[in-house]
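Chemist: Protein chains in written order, with the numbering used here: chain A, 1 to 545; chain B, 1 to 129; chain C, 1 to 221; chain D, 1 to 347.
It should be emphasised that the hints constitute simulated quantities derived from the structure, not laboratory data.
All residues carry an ideal CB built from backbone N, CA and C; glycine is no exception.
Careful: at least some of the hints might be erroneous.
Which bits of chain A does chain D cover? Going by a derived footprint, with three or more residues having C-beta under 8 Å, they are [claimed, not checked]: (1) 451-461; (2) 520-527.
Calculated pairs, EDC-like style, for lysine to aspartate or glutamate (alpha carbon to alpha carbon, straight line, at most 16 Å) [what the hints assert, rightly or not]: (3) K229/A to D144/D; (4) K229/A to E53/D; (5) K90/D to E70/D; (6) K309/D to E538/A; (7) K344/A to E53/D.
Pair ranges (Cβ atoms, derived) [as the list claims (entries may be wrong)]: (8) V86/D to G78/B: 36 to 42 Å; (9) P66/A to E256/D: 32 to 38 Å; (10) S25/A to P56/D: 37 to 43 Å; (11) I137/A to G104/C: 42 to 48 Å; (12) T239/A to H66/C: 19 to 25 Å; (13) D274/D to I137/A: 22 to 28 Å; (14) L62/A to Q245/D: 29 to 35 Å; (15) V86/D to V427/A: 43 to 49 Å; (16) G104/C to L103/B: 52 to 58 Å; (17) E70/D to H20/C: 40 to 46 Å; (18) T31/D to H20/C: 54 to 60 Å.
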Amino acid sequence: MSQSDDKPPTFPAVHYLNADRGVWSWLTTVDHKRIGIMYFVSVLLAFLLGGIFAMLLRIEHLTPEPTIMGANTYNRMFTLHGVVMIFMFMIPAIPGVFGNFLLPLMLGAKDVAFPKLNLLSLYLYWAGATLAASGMIMGGTDTGWTFYAPYSTSTPTTLFPVLLGVFIMGFSSILTGLNFIVTIHTLRAPGMGWMRIPLFVWAIYATSIIQVLATPVIGLTVMLVGIEKVGHFGLFDPTRGGDPVLFQHMFWFYSHPAVYIMVLPAMGVISEVIGAFSRKNIFGYKMIAYSSLGIAFVGFFAWGHHMFVSGQSVLDNGAFAAISMLVGVFTAIKVFNWVATLYKGSIAVKTPMLYACGFLFFIVFGGMTGIAVATVSLDVHWHDTYFVVAHFHFIMVGAVIMAFLAAMHYWFPKMFGRNYHEGWGMVAACFIILGFNATFIPQFLVGNAGMPRRYFIYPERFTSLNVASTAGSSLLAFGFVIIVFYMIYALVRGPIAGDNPWSSRGYEWNTPSPPPKHNFDTTPIIDRDAHSYQEPGEEVEHVVI
Amino acid sequence: MENKVSKPAAPSSHGKEHAHGPGRYFVIWFILLGFTLLTVVTGRMDLGAANLPIAIAIATVKATLVVLFFMHLSESGGANRLVFVVSLIFVLVLMLGVFGDLLTRNPMSLPSGAPNFDISPESRIVPHP
Amino acid sequence: MSSSEAHAAAEHPHNPHLAHHFDTIEKQDTAVRLGMWLFLGTEVLLFAGLFLGYTVYRHFYHHTWHEASRTLDLGLGALNTVVLITSSFTVAMAFYFIKKGKTGACAGMLVLTILFALAFLVVKSIEYSHKFAEGALPGQFYHFNEVPGPGANLFYTVYFLATGLHAFHVIVGMSILIWVLVRVLKGHFSPSYYIPVELGGLYWHLVDLVWIFLFPLLYLI
Amino acid sequence: MNELMRRMLWLPEQASTFSTSVDHLHYFVITVTMLISVAVGLLAFAFFFKYRERRPNQSTPMVIPSIRFEIVVIGVPLFFFLLWFVQGYKDYIWYTSPPSNAMDVYVMGKKWMWKFSYPDGPNAIGTIHVPANRPVRLLMTSRDVIHSFYVPDFRIKQDVLPGRYTETWFEANKPGRYQILCAEYCGTWHSQMWGEVVVMPAPEFDTWLAEQKAGLAKRVDTGGDDGGEFRGSIVEYGKRVAMAQGCVKCHSLDGEPHIGPTWLDLYHRRETLDNGQVVVADEAYLTDSMIDPRGKIVRGYKPVMPTYKGRISAPEAAALVEFIKSLRSENVQHVPSKEAVYEPVRR
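Please build the complete structure, drawing on both the sequences and the hints.
Modeler: What follows is the structure, given as structure tokens:
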């Protein structure tokens with residue numbers, strides 16, 4: 001609960017970080033918090049790797065001619081950028097790190113339902129990531145992260161380890177989702193009905209459903225591509241009667257919902273952050289919770305909008321386009337609810353809140369350009385151009401990474417018991433938000449102008465916008481460098497944060513920060529709604545809008 | 001879902017499952033064998049377009065019996081049923097989306113050798129007039 | 001949760017099978033069952049991809065596929081169906097017996113199930129060896145002259161991929177049942193704790209389920 | 001207004017009938033998108049100031065959505081999205097329904113070139129001539145992997161699939177030269193798989209086509225990457241490139257080893273390299289060897305070949321590979337993949 005200001009903040013003597021010591025205690029731990037921390041380190045490394053690739057790609061595009069690398073290197077690099085960022089960073093990022101760390105704390109449980117399975121997920125993730133990385137060392141692959149057949153089945157590059165890595169990471173993702181669903185169903189503290197679950201948990205729940213039901217399809221699909229590449233079984237090979245468009249159907253049946261695997265947890269984070277920093281009951285709790293489920297469900301019906309110019313039938317294009325519009329409505333509901341939550345609040349403008357504000361802009365612009373590219377006739381021009389690249393980076397980087405950073409700052413005291421420097425946090429946030437806009441808004445324009453994606457060299461008329469985008473990306477990178485410095489400082493020397501530095505009412509702040517090994521000594525009893533800033537029975541002013 | 005820790009009651013677990021004994025398993029087993037025979041017989045009859053729907057209908061009945069009684073879904077919790085049904089719904093969604101495409105696609109865009117195409121080797125990629 | 005379940009936990013407050021983060025063994029069992037059903041859901045979706053490939057190519061090449069399916073040995077296929085259905089029955093019986101506390105009968109049923117699984121694999125390998133001899137093989141390896149026309153090779157691609165993935169599941173399921181059998185023989189299970197028998201059985205039923213669909217689709221179209 | 005918006009959004013020229021109608025929807029969609037997203041961002045920011053924290057642990061009112069609010073937040077976005085969808089789908093149906101009087105041109109994509117054929121007329125590599133103000137339907141197929149035929153100035157794009165045809169159509173309304181790009185990633189030189197649409201006034205086009213058919217244009221330009229065109233099969237084109245670049249000075253065509261390995265039966269031959277590695281001389285290896293000849297030297301040959309990077313264009317390299325593929329002695333079983341048979345497709 002909210003701590004009073006006159007007491008100095010406390011730091012527990014024994015907590016989950018120092019309860020056991022030694023590398024072995026980490027590698028064999030079944031503590032969800034430690035597993036979360038190990039995910040944290042892993043995904044940050046993956047992000048660093050993918051980010052370096054991204055910067056090299058941007059530098060390459062400074063001139064229309066070859067700048068620092070050859071065509072084959074470029075093609076491998078954008079593939080690896082995609083594979084690393086999507087399968088190693090985006091998908092495990094928020095569920096793996098914050099889901100693992102916070103889910104049991106928010107539910108009042110001592111651990112997730114299957115702690116050993118949770119550790120297995122982490123090991124599978126490591127194994128898959130290592131395999132995919134070994135594919136890069138063995139020469140790299142040049143298919144793009146989409147592995148479109150028949151190019152992927154005929155490329156001379158090393159594809160198999162990458163496919164196997166994706167397959168194994170897929171299993172890690174399935175097991176994580178399975179674990180979370182069971183946890184949410186069976187390990188809620190007494191008194192926590194379904195309508196008292198924090199919104200972050202709702203988001204993770206919706207995400208997990210997608211992970212469990214969609215990931216097996218991509219697992220099978222990448223294995224079929226692998227088999228096809230090695231054995232030429234003809235399943236996607238037109239010369240043997242196969243249908244390459246079938247591959248696209250199977251691929252996007254997973255990969256479109258996969259977008260929601262990435263963005264739903266981000267939405268959950270924003271719900272928590274906005275509620276906590278405006279000291280408000282979340283406006284329209286039920287609408288936000290149900291729209292998460294709605295996105296998860298409708299997201300499964302929309303995959304065909306990636307295939308408007310692939311030769312898919314005109315009728316199917318229309319059906320998929322219409323359904324895609326519904327996903328937009330669910331997102332719009334959430335956005336309006338977040339903004340309405342700010343209304344009449346008591347807003348503490350802290351770093352996580354800046355990221356949340358950036359998130360709101362990015363999700364609206366990214367989401368609505370998403371609706372725009374789902375408008376069939378417009379997509380004919382935009383498909384596979386930089387407009388699409390900019391659109392999904394607005395969602396993936398703009399929305400998801402903003403939410404990841406917001407979560408990282410908001411829960412940093414929870415995880416480590418120390419706090420970061422607020423001033424530097426704000427400065428870095430400004431750099432990142434501005435740099436992000438400067439990077440990707442030119443890419444919308446260059447896509448409008450007709451520059452296709454995955455272009456190593458490009459016609460000269462696109463030069464100015466590409467230079468602008470590269471310049472913007474340097475701002476973005478600089479912002480991340482600042483974060484690295486003050487976060488490392490905060491980890492070692494940061495001021496003691498106390499149990500609940502934000503006076504947040506989230507259930508996870510009911511434990512000491514950092515939490516003890518088994519979270520709770522006694523099972524907590526939940527007697528109020530999530531995100532409630534009133535004590536039970538307290539008189540409050542009601543405003544209806 | 002309630003989260004009460006304990007309530008005193010009789011020690012027998014899963015009370016409902018005691019309602020039936022091995023007899024029920026025998027019955028299901030015999031029905032399944034009967035359906036297998038039926039599907040083999042109807043499968044070899046020439047029923048034209050009806051062959052496939054009949055085969056799938058029989059398989060579905062068999063699968064339902066296995067799921068409900070061998071796998072005890074008829075008596076397990078709502079969440080388990082929901083999970084299984086939802087997974088089947090998504091299988092249907094996958095099929096529906098793809099078939100919405102295949103059945104209405106421009107015939108030229110179908111693979112060579114598909115019904116709308118001549119199958120002589122000369123015209124591998126030339127659509128039938 | 002029925003009230004009878006809760007009492008069982010009250011009687012065994014220090015159940016060795018109860019993990020520290022669960023309040024009661026019933027709650028843990030509910031969780032484990034739900035987890036298993038979710039896993040079965042993922043398996044269904046895993047096979048869905050292959051069934052999709054099947055339906056798509058059958059739609060494209062239904063005449064060729066009709067001929068190609070006639071080259072499969074219906075007798076062996078039907079035999080395998082009977083074998084799997086019976087094994088499903090025996091594993092259900094094993095579950096019944098362990099709930100009754102009849103460890104010996106349960107072990108016997110599990111042994112029968114494992115033998116049926118082996119029989120299934122033997123029959124399957126006989127079929128495979130015929131196909132290899134005929135050259136009715138997937139994709140580029142196809143050199144079987146009885147079924148001409150485009151798409152015939154794809155029938156065998158789907159046939160081998162689907163039955164291969166299924167056979168892999170048979171092997172996995174068999175290994176799980178062997179592990180369960182060992183634990184049954186060691187006397188680990190009793191009417192108050194038999195979750196691994198139940199889950200192993202569920203997995204085995206899924207293997208049966210998939211075959212119930214594969215059999216008519218491959219052998220009878 | 002149209003021109004202002006077009007320039008602000010960096011859209012290319014509107015050179016087809018489809019581009020104008022699609023652009024108007026584009027302006028509408030993008031304007032609404034920008035207005036809404038900026039409004040939401042600013043509103044959030046304004047709330048940051050207006051409702052900033054004035055004292056710690058301040059109590060806040062409980063704000064509750066009314067039914068009216070819910071209807072508005074669901075209804076308004078849904079209305080706009082469906083409006084876009086309906087208009088977009090209407091345009092799309094128009095775009096996918098070529099008029100029956102359209103002139104057919106066959107298009108073949110191949111790593112990394114475009115080839116065009118008129119039903120009873122000439123073939124051309126890299127450049128397609130079309131009349132202005134007359135509908136043209138393209139029937140497209142691919143020799144190898146998926147490509148995508150993209151003309152930004154016409155706002156058209158259609159994937160080109162191997163083993164079957166896809167179609168697209170346009171009616172160009174401004175004579176001029178417009179770039180064709182490949183929009184579906186297809187390998188090393190995907191980014192150079194360019195071509196050109198030359199839109200001629202209709203009478204001029206008719207004269208041009210008649211000349212071509214009469215065989216008057218025996219004069220053959222040297223194939224260059226800047227719009228120079230060559231009429232004939234890809235193999236012939238590759239042969240010309242081989243002669244012009246002097247490839248045949250070192251590579252024989254008859255099986256005799258010379259300074260370099262012979263090209264006869266080279267395609268899909270297993271070659272042992274000087275480091276002992278065995279490679280199959282497929283398209284990728286052949287292309288790599290033109291760009292980086294010292295990278296993979298066949299055992300027994302000296303690393304004397306200069307790089308052709310920058311000296312030959314992507315279509316030229318593709319044509320060379322095609323020429324090499326055509327050089328087969330009779331005992332080789334492999335049948336080279338067939339080109340599309342250029343017959344009009346009736347519907």
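Chemist: All hints, please: hold or fail.
Modeler: Hint by hint, here is what the structure shows:
1. Using a Cβ-Cβ cut-off of 8 Å, 8 residues of the segment 451-461 of chain A lie near chain D, which meets the minimum of three, so the contact claim holds.
2. Remark: the segment 520-527 of chain A is not confirmed as covered by chain D, as 0 of its residues place a Cβ nearer than 8 Å to a Cβ of that chain, below the required three.
3. The hinted pair formed by K229/A and D144/D meets the criterion: a straight-line CA distance of about 15 Å does not exceed 16 Å.
4. In summary, the hint linking K229/A to E53/D is not supported, as the alpha carbons are separated by about 60 Å, beyond the 16 Å threshold.
5. Our distance criterion of 16 Å between C-alpha atoms is broken by K90/D and E70/D, whose separation comes to about 30 Å.
6. For the hint pairing K309/D with E538/A, the CA-to-CA distance comes to about 77 Å; that exceeds 16 Å, so the pair is violated.
7. A hinted pair counts as satisfied when its Cα atoms are at most 16 Å apart, and K344/A with E53/D qualifies at roughly 10 Å.
8. A beta carbon spacing of about 40 Å between V86/D and G78/B agrees with the range 36 to 42 Å that was offered as a hint.
9. At roughly 36 Å, the beta carbons of P66/A and E256/D sit within the given window of 32 to 38 Å.
10. Remark: the range hint 37 to 43 Å for S25/A to P56/D is upheld by a beta-carbon distance near 39 Å.
11. Our hint of 42 to 48 Å for I137/A and G104/C is violated, since their Cβ atoms are close to 55 Å apart.
12. Taken as a hint, the range 19 to 25 Å holds for the pair T239/A and H66/C, whose Cβ atoms sit roughly 23 Å apart.
13. Distance hint check for D274/D and I137/A: the Cβ-Cβ separation is about 24 Å, which falls inside the suggested range of 22 to 28 Å.
14. Under the hint 29 to 35 Å, the C-beta atoms of L62/A and Q245/D, about 31 Å apart, fit the expected range.
15. The hinted window of 43 to 49 Å between V86/D and V427/A holds, with their beta carbons roughly 46 Å apart.
16. A hinted range of 52 to 58 Å holds for the C-beta pair G104/C and L103/B, which are about 56 Å apart.
17. Separated by about 44 Å at the C-beta atoms, E70/D and H20/C satisfy the suggested range of 40 to 46 Å.
18. At about 59 Å, the CB distance of T31/D to H20/C agrees with the hint of 54 to 60 Å.
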